[in-house]
Amino acid sequence: MKHYDYELNLFIDGELEEGNGEELFLHLAECNECRNTLADLLLLKEKSKMYCSENINQLKQKPSSSKSFYKFGFYAASVAAVFLLFFLFSRNPKDTFTTQKQVRVDTVFVQKGIPVTQNQLTNTNSLTPGKKELIQSSQQEYLRYVMNLRTEKFTEADKLKFDYGSIQ
Amino acid sequence: MKKIIIFLMVLTSLFSFAQTEKKTKHRSVEEVVRSVYGKLEKTALENNVVKPKLSLGMELLRTDKKGQQIWLRKSEYPLGSKTTKLFNPNNFKLSIYEGKIIIPLQIYNTAKKDLALKSKKIHDAQITYVLEIIPIDKKGSTYTLNVSIINIFEDFSYYTPEGKRVNSNSSGFEYSKKIELTVGEKIKLNTDDFHSFQWYVEDIVDGQKVVFESNKDYYNYFNDYLILSLESDK
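As they're listed, the protein sequences go chains A and B.
Numbers given in my numbering equal positions in the first sequence, counted from 1, plus 612.
Numbers given in my numbering equal positions in the second sequence, counted from 1, plus 65.
Extracted from the complex, chain B is given alone in its bound form (with noise of 0.2 Å):
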């Protein structure tokens, strides 16, 4: 199911990028594919940087308002080359590293943790963070990445800017950014702009309604930082 979302969002991204680049509408799944990376790639082969041997760690670090850790987690290391049936490294010059660390959704309102104990559905929602870093310059052990933060709510329903409920099994978004990093070096990458997402989990405890919200509930108690470490380039 995770892996269905994470295909159909990256998909729904290439083709909405698609769509802003006004093309046509009959464009193959590779040509989008292509477009969105062969810049990158582009970028890649100027600066003759292709296909580096990078050594790259993934942490997020969730700390409480004062400052204190609530939990760290790793994901495995170092981060994989991304393969998919969508992108054939074969067919790219450039590596795309991919890290994934999924967090269990847990309510830290005091007056709702009861509740949320009892809620299936908080039980099985997840949080997903996916990251997709991409090399494309180097000045000495100083790479220059392109760095992207997907971020997917699995049993989330969300609310719309304008403030629309809308009742959905998955949603999320996505930032992307370039970083420069030095071998050795790690930087924490501050995710604070994430909270914009506003989401609601509305189930039934004890035989009466209770709705979980992402400010009161949860994002008004803790900090994430992502950190990106780079190991070695050999």
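For reference, chain A alone in the conformation it holds in the complex (with noise of 0.2 Å):
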């Protein structure tokens, strides 16, 4: 028995021509596998509808989600770098040696063990009260500290009897 799967997918896509129709249905009416064929196929165009419809949703919903939330990520990245320029060009760098419209700021050298306030001299007009008292109160502990040190001195006794200041 001849089967009509070409006639059924051009059936189903309504591609048939009407002539055909009539023995394509004639043939259904006595072929189980041909109607279990178009189920098959009716079926599949369901799904394939419900997919396509699915995925232009997303689709039509994605990008312009996407395109919003890169829009805002760039202009907040620009107005961060704007903020940022402006804050180091405003900004006066505080430089380790005197010149001469400028306060001397020593440079800092740190040392293992010891709490980063008393490795720095700051300059203290730059800091809010708290910070500046913070600093101040660990000074005058760590003073306090190493005025109680065991303390060495070097006399004259001590000095090495060689003149270096005869070095040109």
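Keep in mind the hints are simulated off the structure, nothing from the lab.
Note that the structure is a prediction, hence the values are computed from the model and not measured.
No residue lacks a Cβ here, since even glycine has one placed at the ideal position from N, Cα and C.
Treat the hints with care, since some could be wrong.
[What the hints assert, rightly or not] Simulated crosslink set (SDA-like; lysine to any residue; CA at most 25 Å straight-line):
id : chain 1 : residue 1 : chain 2 : residue 2
1  : B       : K185      : B       : K242
2  : B       : K281      : B       : Q171
3  : B       : K251      : A       : E764
4  : B       : K177      : B       : K107
5  : A       : K765      : B       : E245
6  : B       : K130      : A       : Y757
7  : B       : K242      : A       : E768
8  : A       : K771      : B       : P169
9  : B       : K107      : B       : Y173
[Claimed, not checked] Cβ pair distances, simulated, as ranges:
id : chain 1 : residue 1 : chain 2 : residue 2 : range
10 : B       : N112      : A       : L761      : 39 to 47 Å
11 : A       : L700      : B       : H260      : 39 to 47 Å
12 : B       : K158      : A       : E753      : 37 to 45 Å
13 : B       : E111      : A       : E753      : 50 to 58 Å
14 : B       : T225      : A       : L697      : 55 to 63 Å
15 : B       : K178      : A       : A689      : 40 to 48 Å
16 : B       : G228      : A       : F699      : 49 to 57 Å
17 : B       : Q273      : A       : E753      : 43 to 51 Å
18 : B       : K178      : A       : F699      : 42 to 50 Å
19 : A       : L772      : B       : N232      : 20 to 28 Å
20 : A       : A689      : B       : N234      : 31 to 39 Å
21 : B       : N155      : A       : K765      : 31 to 39 Å
22 : B       : T225      : A       : A769      : 19 to 27 Å
23 : A       : S750      : B       : K158      : 37 to 45 Å
[Stated by the list, open to error] Covered by chain A, per the in silico footprint, the following chain B stretches (three or more residues, Cβ under 8 Å):
id : stretch
24 : 106-114
25 : 237-248
Both chains are sitting in their own frames, so use the hints and assemble them into the complex.
Structural data, given as structure tokens:
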């Protein structure tokens, strides 16, 4: 028996010519296999419709939300960059050594095991009162500690008797 | 420039030391170096102190005359071993630790502060503290250290003890002393005596000759403390 797979596909897609429809339905009335094929094709078509509609919705929604997200990120980054540049250029850099118009700010040396505040000489004018007080109290504490250390005094007797001053 | 000055100063000290020993004029530099460090090496060997691995720290604390901290400087930690062309550590069985702190010259005399800020010579002037530490004995965790402090003044002229002015682009002095230090201990080295070295810096500021002097413009305003710490010997 001849099966009508090709005509069934045309029928599903709405492309079957009118004259061929009668023959196809007569065959379907007799052929169980072709009826099953038609049922599968119809189900497949329905599923593909649903799939497409779902994906179209997603495609319609995703790009728009993504675009706005990236747009927002771009604008936020631009604003942040402008603020950063303004902040950097508006600040007066602190040099290590004195120039004629600037106040001397000493270099920071950090030693292992010593709290940071003890390692730095800070330009206290630029500090908040709280931080200034914290650093000053820390300095005072360290100063007291140092003053209580055992002292070895270097005296004239320890001076080596030669004259470095003669070096030119 | 600084390295050359230090090198020259060490050379000068070594040769001067050799002269005081009344040795012949034809000794080589190596011989002179050995004559200086050889004695310390001999002592260290007798005391069985051969190249200990000490972690030493060096700080320079400056306070005003009221005892308030002006600033605190720290050298690189731990102090490194001395290695120069003159002193090759491979030729010796002792360790020489060397620390250095360089400070710019700051004029504290308020009457001359503004002039000092305009003076290029003051801006360029530097004072270097070099600390040379040689462990020569050990009892338990207490080490006897031969501590030398070399103070170098770059771009300074100076006064001789007789008060004569000498134009120079570098000057300085050295103190040396044996000090006991226990592991974990910190001591301060009082350097008040260093203020006996009188210097001056002469410059033209705003078309006028200005002289900055050690006592009037500098020493009278602060005390310096060199702080030496022995953190570990392992």
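Evaluated hints:
no., hint, in the structure
1, B:K185 <-> B:K242, "violated, 36 Å"
2, B:K281 <-> B:Q171, "holds, 13 Å"
3, B:K251 <-> A:E764, "holds, 11 Å"
4, B:K177 <-> B:K107, "violated, 51 Å"
5, A:K765 <-> B:E245, "holds, 13 Å"
6, B:K130 <-> A:Y757, "holds, 17 Å"
7, B:K242 <-> A:E768, "holds, 11 Å"
8, A:K771 <-> B:P169, "holds, 24 Å"
9, B:K107 <-> B:Y173, "violated, 46 Å"
10, B:N112 <-> A:L761: 39 to 47 Å, "violated, 26 Å"
11, A:L700 <-> B:H260: 39 to 47 Å, "holds, 44 Å"
12, B:K158 <-> A:E753: 37 to 45 Å, "holds, 42 Å"
13, B:E111 <-> A:E753: 50 to 58 Å, "violated, 42 Å"
14, B:T225 <-> A:L697: 55 to 63 Å, "holds, 57 Å"
15, B:K178 <-> A:A689: 40 to 48 Å, "holds, 47 Å"
16, B:G228 <-> A:F699: 49 to 57 Å, "holds, 56 Å"
17, B:Q273 <-> A:E753: 43 to 51 Å, "holds, 45 Å"
18, B:K178 <-> A:F699: 42 to 50 Å, "violated, 32 Å"
19, A:L772 <-> B:N232: 20 to 28 Å, "holds, 24 Å"
20, A:A689 <-> B:N234: 31 to 39 Å, "violated, 54 Å"
21, B:N155 <-> A:K765: 31 to 39 Å, "holds, 36 Å"
22, B:T225 <-> A:A769: 19 to 27 Å, "holds, 20 Å"
23, A:S750 <-> B:K158: 37 to 45 Å, "holds, 43 Å"
24, 106-114, "violated (count 0)"
25, 237-248, "holds (count 7)"
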